[in-house]
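Here are the chains, one letter per residue:
Protein chains: 2
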Amino acid sequence: MKYDPFFNAHHSPMGAFASFTLGHKCASGGLGMDLGKPADENVYIGMETKEGGSYQALPFFGDSSEDLARFAVGNDQTDADQELITYFRDEEIERDFNVGTDTWKAGDMEFTIYSPVRELPDPVKAEEETIKDSILPAVFVEVTLDNLRHKKSRKAFFGYQGEDPYAAMRRVDDSAHPSLVGIGQGRRTAIVTKDGNVKSGLGFTIDKVLHAEHEFNLGFGLGLSGGLVMEVGPEEKRTFQFAVCFYRDGLVTSGIDTKYYYTRYFQSIEEVADYALSHFSRLTSACRKGNELLEKDHLSDEQRFMMAHSIKSYYGNTQLLDGEDKPIWVVNEGEYRMMNTFDLTVDQLFYELKMSPWTVKNELELFMERYFYHDSVQFPNSEENHSGGISFTHDMGVANVFSAPGRSAYEFAGIDDCFSFMTHEELVNWLSCTTVYISHQEDYSFAETHLGVIQASFASMLNRDHPQPDKRNGLMGLDSSFTKGGAEITTYDSLDVSLGQARNNIYLAVKSWSVYIALEKLFSNLELPNLSNQAKEQAMRCAKTIAGEMTPEGYIPAVITEGNQSKIIPAIEGLIFPYFTDGKEALAEDGEYGFFIQSLKKHITYVLQPGICLFEDGGWKLSSTSDNSWLSKIYLCQFIYRHILGFPWEEKERIADQAHVKWLTHKEHSYWSWSDQIIAGEIKASRFYPRGVTSILWLMEE
Amino acid sequence: MKYDPFFNAHHSPMGAFASFTLGHKCASGGLGMDLGKPADENVYIGMETKEGGSYQALPFFGDSSEDLARFAVGNDQTDADQELITYFRDEEIERDFNVGTDTWKAGDMEFTIYSPVRELPDPVKAEEETIKDSILPAVFVEVTLDNLRHKKSRKAFFGYQGEDPYAAMRRVDDSAHPSLVGIGQGRRTAIVTKDGNVKSGLGFTIDKVLHAEHEFNLGFGLGLSGGLVMEVGPEEKRTFQFAVCFYRDGLVTSGIDTKYYYTRYFQSIEEVADYALSHFSRLTSACRKGNELLEKDHLSDEQRFMMAHSIKSYYGNTQLLDGEDKPIWVVNEGEYRMMNTFDLTVDQLFYELKMSPWTVKNELELFMERYFYHDSVQFPNSEENHSGGISFTHDMGVANVFSAPGRSAYEFAGIDDCFSFMTHEELVNWLSCTTVYISHQEDYSFAETHLGVIQASFASMLNRDHPQPDKRNGLMGLDSSFTKGGAEITTYDSLDVSLGQARNNIYLAVKSWSVYIALEKLFSNLELPNLSNQAKEQAMRCAKTIAGEMTPEGYIPAVITEGNQSKIIPAIEGLIFPYFTDGKEALAEDGEYGFFIQSLKKHITYVLQPGICLFEDGGWKLSSTSDNSWLSKIYLCQFIYRHILGFPWEEKERIADQAHVKWLTHKEHSYWSWSDQIIAGEIKASRFYPRGVTSILWLMEE
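Same order as they appear, the protein sequences are chains L and A. For any residue, its number in the working numbering is found by taking its place in the first sequence, counting from 1, and adding 20. For any residue, its number in the working numbering is found by taking its place in the second sequence, counting from 1, and adding 20.
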């Protein structure tokens, strides 16, 4: 697999909403916390040339000589030394990108970042050491300089220029932890080692640190760049260990008062560094072991790449908070930073069930406690109110601001496009997550505890179909009164009407069908036969309505009964849920819903053709009428296409993945790490995003 | 007095390192904390036109429609409504700028910011209510809309778009304080009222808040702009009250672990708002009373303007921190954010002695506890070490990072210009501050407690003159070994050698003389006659050396015995100290040092001529050989010129102040609020600066 290696990737602790982002050229990575973008910091990684006195570095920094000028106004100091460091040439740089390790090799140096990919235990139940290992807000770095074939000692360096607006850079050596050598910014970020052979220093520019005539000057407090300088003797090869640490104390969020959960265990960034470095071997071994997750023969290189990239991006968006009486798990929505956006939660579900199933429960509970509402519903172009019911908010807030109870940050009244309500979809999402969680974890006590909400949610779905039971067709027919005369939308809010409109949308319809399938089973298990039958009846109505809309050409229009002719891939998206709610028989081509499954197979075969739902480069195009395609959903539908619907994965399909990798490694836009919304091959929105972990499903195709 | 009213000014609580900066056009003000510059936020202040449905506003915001585009990618939403708000024309806007109040009038609206200017009591000793009133991290705003001559109701608005990178905007209404209506960003900044007739809202742009079709949408959490909307009925005039609040919890500084002292009394920004609004009348009355400080007949409009501006800027840089066992007072150094830079402390001394004398003691104690060192000294071009002694660091750190014990953030070894050591000057500064503090406060117990340090400092000064007592001339003759072969500089680090070089500099020499004068007195009071005599001997040596360098033309060269011919105003700067150390007799023209005072009068008369130390616009030019002139020092030397040396202040001198006001109100550079370093009339460095409170001395000229 060939791709441009200069793309940004998250390297993140779990639950710290932090990332040591690196890979894109210039000052576009660095140590970011609580951000919806990379930290845009200079990162300095390099080594002395064999000639000595000059340096080669990875191209992850720009120029900061203007800073000196700012201080030395009126004087003529310039920064000619900057030229003493040159970038390695692109072709000299190799990158080995994995989920738990990311390694750059250039010249005689090797630079590896280790980041955790491991099960995250319920912090309420886990042993202290396990939870400390899991949520330690740090990632790890090893720098190796191979000087074996050289007869003079040589230096290597690793550092950064922090961009936090509120505090200066500092030397961690000056702290109350005498064993630590490091550089940091304020109390928030730091790069630290316990290797006594490493020297830390600050300078206006990194070359000032490398060329400090007097050791005293390494402590230059006005220095905006921090560097850790290693020296390797003649004919030696040495590896140096570093912890890249994050810390934020105090209350972090408003709306609900929370701190970072790690502050229970670590009182300062120095304590984080000390723990990370004291257990460096165990913790980095775990990261390396994380790579095994993707070392499966059935995965292509492209798949492994996209899985690793999306998992890293997911962790960079995660936040384990300490609420007053319980932990709160938040996944932030990439550049938008909306908190626990429900239409993301439902996609991240499969990853979380594998790695941290308690987080699914935690999210569902907070939706039940605080992020629900009750509405009435209306037919289009009518102001008459009919009974609605419960639904759940689009999200729980944005960028460390929990929204008010019953409100999302996103939803806006009186419109029918982007930012409108997603009442029906989020109701479906709550039921999907809940039924999958119960089934996967066999947590029937959860079902019993929350049976009232489950029943109310079912009733709410029925009401949104049609007020008169005999007129129900299994689809959403009425919009929430909260839209104030607007119309509900789906999570595909930035696409055209083919996926944007909720009512009569087949994407949402198939998801509704899957919820009815799951409820039929759940109610049956809970010995509620009437409800079970009612759910089954709805499922059948829904399936028949959808299948009945098959066109002569062989596809089902995106929005049925409304004259729409768009063709969409996500018609099959909902088929994922029966697979996880013990409903595989409903997916059988020769089962009760065989007619429905067959029609969806026919549909997907029809649409997956060049000029319909394939881009020119072979990549998947979610809607025939929109150029905006979302990778997270493509990953999900690929799994369904292959594994649930049983289509083969051959050369044509492999070209699709090659195209998708190319989208993600775009020279300019790969600044944004893993991103979701791709318009005609260019990353345009939903950048720096967590949702791509739908790719975890591919593991099940072994 | 005529000047462009569109200049930024700080409006700050005391000790919160916070400012509601406002006045410069576009998004260049806002609610900043811990910053070395304005927050660069949109601030929305406006009213509905009489026609209704459109608005006029003060020009303190730019455009943010790109934000909508970022979210609505792929859709065609645009932001045509933005045009519904137009700026008032410049000539419609009046500004009444005072130290405690700052008022803009335009159309039928009036907007006033109240900020405290009051004595700041020692927090350890003060009553709780007094300290809460004093350090409450908030300023106050009143918005009045005069709708008396209009028969329809009209709206007014006040809001902002926060630029903190770590949290979203929010409505304070959603908090646990139901009486509050407000908008804020995260937990850090907020504008709040208790007026139930005000509505708070968020929108992508402010016009979305003004034109929310559905009240529900005022809670749009993705809104980047927050607004508070008032409505005034027909033929009504109403005033609305707001608190502009700041808050930061947790540990703020590294090196020394501290929190903001106000966190002892207020647990959240809501508690700050609640207190500010509950005591609005008392607290704003105190601000208005603060204006009386400058309502003195002997002050010109230009002087009042510069005093008000500099005092506001000073408070924006102040930080009252809660150390482990005591409060720590920090004045940050404007755009550089160095903490308690000693050469600023010595200038801010006079202001602090008036408003908060305990802060002087607090600063001196921390210098004695942590920010001192011992060196040896060397003659120029010699590596032989001679006994040196104690001195004090240039500063205590930078931007919330306390530097290591014995170190400043600034000082750098091996050089002889900007960033070199200021060993001799900071030693003089410690002795100046200490002797002034003791004399002004009559705090002889402080003198007795720290007599050891005072004696050691005196000894250190002697050693820096000459190792052999009989060869001493009262001036600094040796450089600190810490310069590693470089040379010490003075606080005028960005000027040329005329003020930059410490050794043999007459600016520093006259300051040294003043220290000897003060020590003579202090040692005498402490019944240490030998030391007193020794100090006197040094003072006389110093005075004779300086006076002996008078040139035939009538000036004393800036650096004596080294062939320099620069002419400098700060030759007279040191004369301020005897005035404050009960040493007025040493300043008498007919006294023991009459010959010295006369020669300095001759000097200043000679240099204050066009082409020497006057710019073409009449402004003061500190050095004949540098275009870099510093307002704080000009203010100080003006006081000495008039009040100590007895020169009249006539038309020519008034023109100087007019020029200085013009420098500060430069159309572009007045973005930087009060600034110190002016190069040929343009603000260039030391911007957003606290040092201008030397102007407080002008009050003594009544």
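A few of these clues could be false.
One copy or any two copies: either way a pair holds, since identical chains are not told apart in the list.
[To be verified] Below, simulated DSSO-like cross-link-like pairs (lysine-lysine); rule was C-alpha separation at most 27 Å, straight line: (1) Lys-504 to Lys-219; (2) Lys-682 to Lys-622; (3) Lys-70 to Lys-152; (4) Lys-381 to Lys-125; (5) Lys-22 to Lys-381; (6) Lys-57 to Lys-504; (7) Lys-152 to Lys-604; (8) Lys-219 to Lys-704; (9) Lys-564 to Lys-346; (10) Lys-279 to Lys-172; (11) Lys-687 to Lys-219; (12) Lys-504 to Lys-175; (13) Lys-22 to Lys-346; (14) Lys-214 to Lys-672; (15) Lys-125 to Lys-604.
Bear in mind the hints are in silico, worked out from the structure with no lab data behind them. Values in this document were obtained by computation on a predicted structure and should not be read as measured data.
Checklist entry - When no copy is named, should Lys-214 and Lys-672 be tagged within, between, both, or neither for a Cα gap of at most 27 Å? => result Answer is neither; intra-copy 52 Å and inter-copy 65 Å both fail.
Checklist entry - Quick one: Lys-152 to Lys-604, C-alpha cut-off 27 Å, is that within a copy, between copies, both, or neither? => result This pair counts as neither: shortest intra-copy Cα distance 39 Å, inter-copy 66 Å.
Item to check | Copy assignment of Lys-504 with Lys-219, given that the CA separation must stay at most 27 Å | outcome: Between copies only: 20 Å across, 64 Å inside.
Checklist entry - Taking 27 Å as the upper bound on the Cα-Cα distance, should Lys-22 and Lys-346 be classified as within, between, both, or neither? => result neither (46 Å within a copy, 61 Å between copies)
Item to check | Status of Lys-381 relative to Lys-22 across identical chains (alpha carbons, at most 27 Å) | outcome: Result: close neither inside a copy nor across copies, 40 Å intra and 67 Å inter.
Checklist entry - What label fits Lys-279 with Lys-172 when the C-alpha limit is 27 Å: within, between, both, or neither? => result Neither way: Lys-279 and Lys-172 sit 50 Å apart in one copy and 49 Å across, limit 27 Å.
Checklist entry - Is it within, between, both or neither when you check Lys-687 against Lys-219 at 27 Å Cα-Cα? => result neither (35 Å within a copy, 46 Å between copies)
Next on the checklist: Reference check for the pair Lys-125 and Lys-604, CA-CA at most 27 Å: within, between, both, or neither?
Outcome noted: Classified as neither: same-chain Cα gap 47 Å, cross-chain 72 Å, threshold 27 Å.
Item to check | Same-copy or cross-copy closeness of Lys-57 to Lys-504 [CA-CA at most 27 Å] | outcome: neither (34 Å within a copy, 44 Å between copies)
Checklist entry - Can you tell me if Lys-219 and Lys-704 fall within 27 Å by alpha carbon in one copy, between copies, both or neither? => result Cα proximity of Lys-219 and Lys-704: none, with 42 Å in one copy and 35 Å across.
Next on the checklist: Regarding Lys-682 and Lys-622, is the shortest C-alpha distance of 27 Å or less found within a copy, between copies, in both, or in neither?
Outcome noted: neither (29 Å within a copy, 78 Å between copies)
Checklist entry - Using 27 Å as the alpha-carbon threshold, which applies to Lys-504 and Lys-175: within, between, both, or neither? => result Only across copies: Lys-504 and Lys-175 sit 25 Å apart there, 66 Å inside one copy, limit 27 Å.
Consistency note: the structure conflicts with the earlier hints numbered 2, 3, 4, 5, 6, 7, 8, 9, 10, 11, 13, 14 and 15.
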